[in-house]
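Start from the sequences and build out the full structure, keeping to the hints where you can.
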Amino acid sequence: MSRSARGAIGSAPQAAGSDIDKINASRANADPKQVTTGTVSVRRAVLAAPNAARVADSDRRRYAPDGAARAPDPMADEVQPKDSPLTPFPVVAAVGFALGAAALHSRWRVEWLEHAAGPADAERVRWVLSHHFGSTLLAALGTCIAAALLARALWRERAVGAIVGGLALAGASLGVWMGWLAGPPALPPTLETRWLIEGMGASWVLGVIATGSAFSLVLLARPRGVLGALLGFGGVALCAVVWLERAGVAADPFMVETSQVVQNLTDGAVNWDVVTQRADGPVHVAMVTPARENRLDGVDLPTLVLPPPAAVSFEVPDDDAPLWLELRAGADAEVGRGDQPAVVRWEVRVDGELRWSEERILLDGTPAHKRVWSVVRDDESAPGLSVEPGQRVELATGLAMPPDRSESLGPLATGFGRVRLIRRPARPLEQASPDRPNIVFVVADTQRRDRLSAYGYQRPTSPNVDSLARAGTLFERAYATSTWTWPSTASLFTGLTPFAHGVRAAPTAYLADELRTLAEILSSDGYRTAAFSGNPLVAARRNYDQGFERFDDDPLVFRRGTLLVDRALEWLDEVSHERFFLYVHLIDSHDPYLPLPEQCERLGLPGRPEGWRQDQENLIRQQLVLAAQRAEDGRPDANELLSAADREALDQLYDAATATTDAQLGRLLDAIAARGLEDRTLVIFTADHGEGLLERGLYGHGLTLHEEESGVPLVVAGPTIEAGARIEQPVSNRHLMPSIAKLLGLELRGAPGSVDLFHPRSMESGPILVSSDHALRHGRRSPTHSLRVGNEVLHWTPTADGPRFFAGQPDVVRLYDLAADPDALFDLANQRPERVAELLELLRERLDAESANAVVGALGTGEATLEMLRRAGYVEPEETE
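Position one of the sequence shown corresponds to residue 1 (the UniProt record's numbering), numbered consecutively onward.
Only true hints are included.
20 Å max Cα-Cα, derived EDC-like pairs, lysine to aspartate or glutamate: (1) Lys370 x Glu380; (2) Lys742 x Asp435; (3) Lys742 x Glu722; (4) Lys742 x Asp525; (5) Lys370 x Glu358.
Between beta-carbon pairs, the in silico distance windows are: (6) Arg427 x Gln622: 46 to 54 Å; (7) Val275 x Asp339: 28 to 36 Å; (8) Ala631 x Asp339: 44 to 52 Å; (9) Pro411 x Ser762: 55 to 63 Å.
Calculated from the structure, these hints are not laboratory results.
Where a beta carbon is used, it is the ideal one built from N, C-alpha and C, also for glycine.
Encoded structure:
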């Protein structure tokens, strides 16, 4: 209540009339403009007058004699002001719309500043904001209306109202930025950047303007000006919203290009015409390694080898989209060695026009960085050479040397690597939803399931896997298709067995373009796709990058999870507003074990022993493999060969490494939750294979097909996935790919016998096939296959497929009953010969059926790849292939 009103109540009755007369006189003589412009004294008088008049009139009636004439009320015919300035809901709504426009502009400004220095461009940012325009506006509107109403209720204490309104506006803006009120976070909390400071400054300028306008309306609006204020201010707010839309907030969908292979000229098929070739060196396809330094671009590639002088040609096929010729030029590392230097020339012509050429002098002293592949393309930004359907392309090699010297060189391994015709169709980006979710696919390399606390292990090695299992479905008995990385990962990508996709050993470890991968299917359906691989075997050079926009790998070293997840989270920040597929291949459970110190401390384990070499695990593995060659039954005695300290160290280090893998998974899960993506993201956790830890006197993987190496974890969680379920039925994790395709309603070809893992209650898994061309038979590598039917598992090592050392010996066949013998220690083959014959026949039929349509043949193995396999423990030092 105003001071003038309190004074009126405290005055004598005789003074009331004179007070009214003075007030009426002041109202009658007041300048209307002065009232509406509102000096402090006039506003106080206007606000005090109604209350004073009512109090005085009440006093006059109380003390006037009965029947006495009462003076006429000069305000009787006027509309009585209410207790606060008139602020009808439409005006408040207009204020809210203005503040909503300010919040939208703030979001736009912050997004732009945050992404301007990164890979995202203005078009993509506009697309992101367009999908949150409505939710951002509604959130800001609701908050600002509440703020305006609260300020109206507190109008007498105008300073308090201003503070409350300002704080509400600040809270609304912060809520929009952080994703509390609308959509995923617009801005990660990076308070140290100047971008945030500038963005907040721009936001506060707009906020001050909008807040000032709002309180001006609230405090100064009169009854006759309400409609005009509503129309005027509402028009300003509408113009602000329209301006924001025209500025690009509601932009057209952002388009992203994908890459699809139309034709591959280095897949072994003869799909070119020979123009000229040497009699002693015909054109052919083989693996070529320009440089053995894997860090350089000299890795093994399937190559169209043209021993110079030679040339081939082919016609560009018909296609609806623009086509690009993708290829590289190079020569094998042995070209020019010794006293035979060579001057090699490569040429690419299209319809007779020279489009690209290069000449290189190769000597014995030519450094590796000058022997790498040369990428053939129109310019630095182009994916290759642009070509059109019907054009004739000619690839040629030659020697820029005198004929007599050229003849003395003989056929040289020069040519063009990974020659492909690709199309790059554009597709619009889309957002994730519960029925079409984001997909985060985490593969823990070398992670056996029985060392996870989620599977009952006594040490708490996997709190994050435990949490994921509670939120989703855990498969108690899941298996990989192989016990080493190349074939097993290829199965995860294609949904096929190693015999079907053809990636079985080093000579065939190239994922054929004809295979349709999970990333390709998702990319064509509008997903952003990226892979982060810590294992150098899962690499772009082996064509595992099919369908991925980004494939982050290192061709030489194992990269630990800390670096890998850091890079994955950076990419996640770029695409979190879009529908994405993220593949992360963690390597922390793979030797050499380098667990995080905090995980060792959490588990109370000592960490890596002092005195252990960096390759100590590999030395132990080789020692046991050699001992297996001497053992009568092929099983070395690890207790005799290794000290108790070393055996304990291996066991403890593996547990700490498992905990480290789990911690990296936890970082990914926390990032998904922090970005508000949990309700529209499918998370998959599995492994490519397990690890033998001296159970049969052996250490490592790829050595046997037993549970410790073939059994893997499998946990899925997300929309439509049953929470807290544990499935005991045996399954193969290769069925993840077709299960994802079925979940999204996508067409899938070439995956017979697929099982829907996301509806496990109604699935029929059937027999499970596992194989490894690197398995040991008495310490020597020999292909081995297994078939699991129910609780029975049959292992078969055919002599015909193994090394000549076993020539003339019978096949090795073993049968185990895992229900009675879960560790597979007792061979029942001699006791159940009829069952062995039955299962062996079924296994042979499965292998024949799977390999009937295999799409890849052996191209050989480059020296760089063999060296990497030796370091990884898949090839012994004396082996050459």
